[in-house]
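So the protein lines, in turn, are chains A and B. Just so it is clear: in the first sequence, position 29 is 29 by our numbering, and no numbers are missing. Just so it is clear: in the second sequence, position 55 is 55 by our numbering, and no numbers are missing.
Since the hints were made in silico from the structure, they are not lab data. Glycine included, each C-beta is placed from N, C-alpha and C at the ideal position. Watch out, some of these pointers could steer you wrong.
Lysine-lysine pairs mimicking BS3-like chemistry, simulated, CA-CA at most 25 Å apart [claimed, not checked]: (1) A:15 with B:156; (2) B:26 with B:156; (3) B:165 with A:15.
A short, non-exhaustive set of chain A residues, derived as facing chain B with CB atoms under 8 Å [as the list claims (entries may be wrong)]: (4) 5; (5) 14; (6) 95; (7) 143; (8) 145; (9) 147.
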Amino acid sequence: MKLVLLHELLSLARKLAGQAVILGLVAGVYGSAQAQDLSQEQQQERPGAASESEKDSEEPRASKEQVRERDLFVNPEAGFRLTRAGGWLLGVPSQGAVALFRAAGEPQAQIEIRVSENIDGEQRSAYVSAFDNRLLRVGFVQVETRNAVNYGGRIGQEYEYSVLSDGRDFRLIVWIYFREDEAWIASGFFPLAKREAHYRGFQQMLRSLEFTD
Amino acid sequence: MKIARYVLALLITMAMSSVAIAQDSKPIDNEEFGVTITPPAKWEVTQGNEKAVANFKHRGSQSQIEVVGTKLMASDVADVFFSTFHKTLTESNFEQVKQEEVTIGSLKGLETTYKFAHSGVTLEVVIFQFLRENTAWLVVGYMQDVEKDKYIDDFKAVVQNIKFKEG
């Protein structure tokens, strides 16, 4: 009995470590260029809690509003907010990220938002192709490109990649949206088996995204 | 009597196949990374994580060692890679018990030990990480906590015997 448990635990530990490598790789790809220049303070402050002024606003009157307030994610420094989808928990963003959410009970499924600055109009297509090349070079396979994907009136490009880890197929969905000289990159990383459910959460959060600056 | 003979023959066959596996555990040459990785004595080469350059398993204890090389875009994103790797483990209920800079053989790196427990069984997961050129290397040992002392030297031997081709 203990041997079976040991075998299962070893298998689980190896699977989790394998997925941690993939997430490290994705972070490394994002971590290049401007994303690394974001200040350390930004990560350490753990953005996400509503600001004091927002907390002091009127007491919610209805349960629907209570839910909305509880799920509101605000990052005043990066200048945006969104409503967290059900089943997604707030995580601590990696270096260069401005928001991180993890699926409840499934830490390997994550949705992350990053911002790269100083990308003017002429640099946009080069930025996207460099980003795509980096993912391809580290073993991701692009399975789909979706043009003009509209989330809440913001139109961006969406790319879907496949990657294997310990025999399991994972999907990385990346939506890139340019706003003035910034590239906003939202990425969802999910096991293929749960891709549909998690993609709905990804879409729901991006539809609710609002810029506050 | 026939059954006893059959069992004896089976045991001899198993013992011989075990010897054969041990003999098959030759060093692994990987052209892509320009590296040779040698399994410790009494460990067998197994199929495992496809991202790993080498996977070894100790037949008796089920302890495992894997060596993972990850080509990064540039060496300056290594910190992001390694920190995300460790953060993900911590968020997956790996409990970090120790982290220190160590030199094993000619390789200088960071060694981190985690405990990973479930249903009364606890694993110790020992990770030695280092960066060489643009490749982030992770040597990961998985062993039951009560057996760690027996196999930690084998883990270190794997690190010590990693040979990179020059140029």
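Right, here's what the structure says about each hint:
{"no.": "1", "hint": "A:15 with B:156", "in the structure": "22 Å, holds"}
{"no.": "2", "hint": "B:26 with B:156", "in the structure": "17 Å, holds"}
{"no.": "3", "hint": "B:165 with A:15", "in the structure": "30 Å, violated"}
{"no.": "4", "hint": "5", "in the structure": "5 Å, holds"}
{"no.": "5", "hint": "14", "in the structure": "6 Å, holds"}
{"no.": "6", "hint": "95", "in the structure": "5 Å, holds"}
{"no.": "7", "hint": "143", "in the structure": "18 Å, violated"}
{"no.": "8", "hint": "145", "in the structure": "21 Å, violated"}
{"no.": "9", "hint": "147", "in the structure": "26 Å, violated"}
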